[in-house]
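Asker: Could you put together the complete structure from these sequences and hints?
Protein chains in written order, with this note's numbering: chain A, 1 to 267; chain B, 268 to 347.
It is worth saying that the hints were derived from the structure and are not from the lab. One thing to keep in mind: the hints can contain errors.
As the list claims (entries may be wrong) - No more than 16 Å apart at the CA atoms, straight line, and that leaves these computed lysine to aspartate or glutamate pairs for EDC-like:
1. K301/B / D261/A
2. K161/A / D232/A
3. K183/A / E318/B
What the hints assert, rightly or not - Restraint-style ranges between C-beta atoms, simulated for each label pair:
4. L146/A / E341/B: 25 to 33 Å
5. R60/A / V333/B: 28 to 36 Å
6. E82/A / P289/B: 27 to 35 Å
7. I225/A / Q331/B: 51 to 59 Å
8. E82/A / K304/B: 37 to 45 Å
9. N62/A / G332/B: 49 to 57 Å
10. T338/B / V40/A: 23 to 31 Å
Said to hold, decoys possible - Here chain A is said to cover these stretches of chain B; the calculated rule only asks that three of the stretch's residues, wherever they fall, bring their Cβ under 8 Å from a Cβ of chain A:
11. 306 to 314
12. 323 to 329
Just so you know, even glycine gets a beta-carbon here, dropped at the ideal spot from N, CA and C.
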Amino acid sequence: MTEFSGQAISWELKEGVVEVALHREPCNELGEQALTEFEVLVRALPELEPHSHALVLYSRLNCGFSAGADLRETYYRTQPMENAAAVESVRQSLERTHRVMNTFDVCPLTTIAAVHGVTFGGGLELALTCDLIIADRTARFSFPELRLGLIPGFGGIPRLKRDLGNAVVRDLVLTGRSFNVNKAHEMGLVAQVVAEGQALAVARSTARQLAKFDRATSSAAKKFIKPIPYDDLRQEIELFCHLFAQPAVTRSLKKFIESRDAQPYLP
Amino acid sequence: MGTEQRTVEEILDLAATQFKVPRESLSPDDDFFKKLKIDSLQALSLLTRLEQHFNIELPDYELQGVSDFRTLAERIQARM
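Answerer: Right under this line is the structure:
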């Protein structure tokens, strides 16, 4: 399968680059549909890899790269369940998401996230699986989960810790603040800052440059440079599930999801 | 014109341009959510532009409860 057109994501193989577009309204919330389609991509990757050298992830929506996990879907799916069943449902979803994220993380292709606008929570965690993040000047990043009584659950903390260090994790996770592309570049999260609307074009041009390198060498270098933090990732799932079981989280999610204000509830 | 007034005027200019509304329709005490017809994510995109324009960092939690241009200008001034 060299191309796919889904409801949440689509991809095609173009000149040795697997271009993966996110396009689920309103802002690429990562829920069951996106996860199922990402799993299709994961199954297709072994067939795509021999013909490719890079993978580029981008969003076709104006709002940004992704607003993160689909909390509305999670809330409505788990709200009618008993607490233990709700936690189990969340755990299964996290396990599947981690398998997808880990596959991107160790993918032998060089992976690039081309981001703009909102890159929050799970959206930032998805971008963090990539080797390079190229962001335009509208990009804004955040891990707001603590504000709802949770932590990032898609591997964000272990990957941020691996890539940037614990002090950065503490700042971003414990304050939940959002920050712009200049700050993201300064801290080393973003590899290249580009003009508004140019992230995909620059990612494509970067991918063309990568095509000049020997594939096996690039893959070997990546494997050496980017070890996957399995232990921390496992602990993250456990902590997320423990927190999700707390009644305060259900109350926060309910308040957040049912808010109709222009400024939705966030403590 | 005082510094604070200048900051408000620059914010109004930027907001008018970004959200394509007539500049003369905006006043310092307007509720920017209502006047610009924006939601919280669009407000964050305005914040990004303001941070870049004024070369400051303004955590979004400092804007909780802020909905008028004048108070927004005060918050920005405090970071300059």
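Asker: So, for every hint listed, does it hold in this structure?
Answerer: Hint check:
1. Annotation: proposed proximity of K301/B to D261/A holds, straight-line Cα distance about 11 Å (limit 16 Å).
2. For the suggested pair K161/A and D232/A, the alpha carbons sit about 10 Å apart, so the restraint of at most 16 Å is met.
3. Of the supplied pair hints, the one linking K183/A and E318/B holds, its CA atoms being roughly 10 Å apart against a limit of 16 Å.
4. Separated by about 27 Å at the C-beta atoms, L146/A and E341/B satisfy the suggested range of 25 to 33 Å.
5. Distance hint check for R60/A and V333/B: the Cβ-Cβ separation is about 32 Å, which falls inside the suggested range of 28 to 36 Å.
6. Between E82/A and P289/B the C-beta distance comes to about 55 Å, which lies outside the given range of 27 to 35 Å.
7. The hinted range of 51 to 59 Å is not satisfied by I225/A and Q331/B, whose Cβ atoms lie roughly 40 Å apart.
8. In this structure the hint that E82/A and K304/B lie 37 to 45 Å apart at CB holds, the actual value being about 42 Å.
9. As the Cβ distance of N62/A to G332/B is approximately 27 Å, the hint placing it in 49 to 57 Å is violated.
10. Between T338/B and V40/A the CB atoms are about 48 Å apart, so this pair departs from the stated range of 23 to 31 Å.
11. Only residues whose beta carbon comes within less than 8 Å of a beta carbon in chain A count, and the segment 306 to 314 of chain B has 7; three or more means the coverage holds.
12. For the segment 323 to 329 of chain B, the stated coverage by chain A is satisfied: 4 residues place a CB nearer than 8 Å to a CB of that chain, which reaches the threshold of 3.
Of the numbered hints stated above, those contradicted by the structure are hints 6, 7, 9, 10, listed in ascending order.
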